[in-house]
Amino acid sequence: MSAAVRPYVWLLKKEYRELVASRAWWVMLLAMGPLVGVTFISAVRTYAEASGLNGTSAGVGEAFSPLIGVWAPTFSACEVAAVFLLPFVGIRLVSGDRQSGALKIELQHPMSAFTRVGAKALVLLGGWIVASTAPAAAVLLWKSYGGSIYPPELAAVAFGHLLNAGLTIALAAAAAALTEHPSTAAILTLSVTVGTWIVNFIAAVQGGVWERVAGYTPPAMIAGFQHGLIRLDVVLIALTLVLAGLALAAVWLRLGVAVRRRVHESIALGALTAAVVFSCAFATPSWDTSESRINSFPEADEVALARIRAPLRIEAHLAPEDPRRADLEHRAIAKLRRVLPKVQVQYVSATSIGLFEQNAPHYGEIWYELGGRREMSRVTTAEGVLETIYALAGVKPPLESEDAIFRGHPLAVPPKGAAAVFYGIWPALVVAGAVLVGRLGR
Amino acid sequence: MLQAIGLTKRYGGLIALGDVSFSVFQGEVLGLIGPNGSGKTTLFECLGGVLPLDAGSLMRDGRPFSARERASILFYLPDAIVPWPSQSVRWALDFTLGFFDGRTSLRGEVVDRLDIAPLLDTTIGALSKGQRKRALLAIGLLMPHPVLMADEPFDGLDLRQSRDVAGTLRSYASAGRTMFLSIHQIRDAARVCDRFVLLSGGRARGEGRIHELAALAAARAGSAVASDDLEEVFLALT
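Just so you know, the sequences run in chain order A and B.
Take our numbering: the final residue in the first sequence is number 442, and no numbers are missing along the way.
Take our numbering: the final residue in the second sequence is number 1238, and no numbers are missing along the way.
Honestly, the hints are just simulated from the structure, not real lab data.
Watch out, some of these pointers could steer you wrong.
Cβ-Cβ distance ranges computed for the label pairs, FRET-style [claimed, not checked]:
{"no.": "1", "chain 1": "B", "residue 1": "1185", "chain 2": "A", "residue 2": "197", "range": "53 to 61 Å"}
{"no.": "2", "chain 1": "B", "residue 1": "1069", "chain 2": "A", "residue 2": "122", "range": "53 to 61 Å"}
{"no.": "3", "chain 1": "B", "residue 1": "1054", "chain 2": "A", "residue 2": "3", "range": "33 to 41 Å"}
{"no.": "4", "chain 1": "B", "residue 1": "1106", "chain 2": "A", "residue 2": "3", "range": "13 to 21 Å"}
Take a look, some chain B residues computed to stay more than 12 Å from chain A by CB distance [stated by the list, open to error]:
{"no.": "5", "residue": "1001"}
{"no.": "6", "residue": "1013"}
{"no.": "7", "residue": "1068"}
{"no.": "8", "residue": "1215"}
Note that beta-carbon positions come from the ideal geometry of N, C-alpha and C, so glycine has one too.
Using the sequences and the hints, build the whole thing.
Shown next as structure tokens:
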């Protein structure tokens, strides 16, 4: 091993030992089993009922995809753990050195602060991956029931949660480095999390630019991945924020640097991050990994839409909280943006709920403008939107193909053995692991 | 070997260190003497690079040296810390030796001299204050840096242990390692140090061997001060 690499390897070893010595990590590990168990068992039961178990009419579950029916709810346990458990593990690992005084010794090595923080982040990510074996166990159970698995969509969900964990780790590291005490860091971290919820709430009420910003908050990001959608802008922005959080932590862990200089560096870092995030927001490529193509129009429609070169402008007179607006956005506009990057959408409303605008002239109208021609429609379904666009563009609608329709994978089996795995075997293994590691670790 | 020039550190309006200057010579045991709150720990933390200086510089052979050079020359062993509390002493020694590329060949000798062999499998968080101090001193002695700055190296040690540790520090100094020790117990300092820097109220009140300090005290007081009594000299100069 080269002399340059050796200190880093020792640092990784140290961080690993500190992680497995921390009760916070073991508690997170312990909690992951029951958390995943609750969501998985409930999801499989619902899926089975819809597929015809217990006398329900068979065939209802035909439209069911395991992505929406099983993986999204099962992996949501990871989201809960990332919000409420992982920050404390991260804070413990970063603050622990400062609290114990170890940081004063380690800082005397000329290794860069970012490398130091990076080692912690790597180990924390490793710790998260170990905790993620709980949803992995759910995947194996599902397979054992004879359930269908479509690897690309499952990988997208897992990747989204890994990215979310990275964001949490970076946030926790920055908070722990900025504050003197772990409890202050925990408050700061949770405040940021609650802040993102507030942004989502404001976006739902106000719409506009808030809606755009809310699209990059962890809950919105996770929602995209849970639908099997990988958006390049979301991935790039998340990675930028992870790096920025770790860099901020590195800036504030350099105790030997004057506070004023650290403040200046933080401001510069904030400005640079904002610029990069702004640039990344213009990256349009995205990939629909879902087997059911839930984020896309049928392939024939995408081919037809790709032939439309003129920019499309849509003006929808719908308030942010009007359910029709959510329908329009999710069923049509989001899919349209993926095929027609030049589409411009403007929502117009006088109020946030739209309840008292129903009788106002033009409310509920959706205006389409393409190549100098205008057309109005009130339909918010994907089919209705496409019909209007085809009519405006003078493009012949493609024929609906029976083969392109997703038939789903109904599975009418109960979650056999899952309770034993997640409520019994998992906790027992975690406790045994903690005892074993405690004994062997020294 | 090293010169500290005009070291200054302020906390708001409070001057923790005011224009402190002194020299450190190779192979000596230099004592930083001062009452509690005189700025000893602040001075060490600034020199160790874990606290920023407001002004002042460090020179080596007449030229200032960078933070990277400082990290290869000075090792600061803080007082009252419990690093890696859930790890064993054995592992802490392994880690610091590996991380800092320390003096592995001295490991057995240092462990024996500081009598920490029975503690090797105990976690650092479970050690008593004196045991922890000896374990930390072992880490300090195993570091590759030519200058070891130890903050209160005798704090928590009983009389016998203090004498043994003093002997150990002196023996490594005579082998060429420079020891810079912050000590508030003047008797401990007198037993182990070659020269002294007297610090009071964040200012250096004198520097030199005991007879040089006694002469300085006499010059300031206008009357003779016992040249073999560091306590009297210290009181006269601060």
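TODO: Identify every previously stated hint that the structure contradicts and give their numbers, smallest first.
DONE: Checked against the structure, the hints that fail are numbers 2, 7, while the rest are satisfied.
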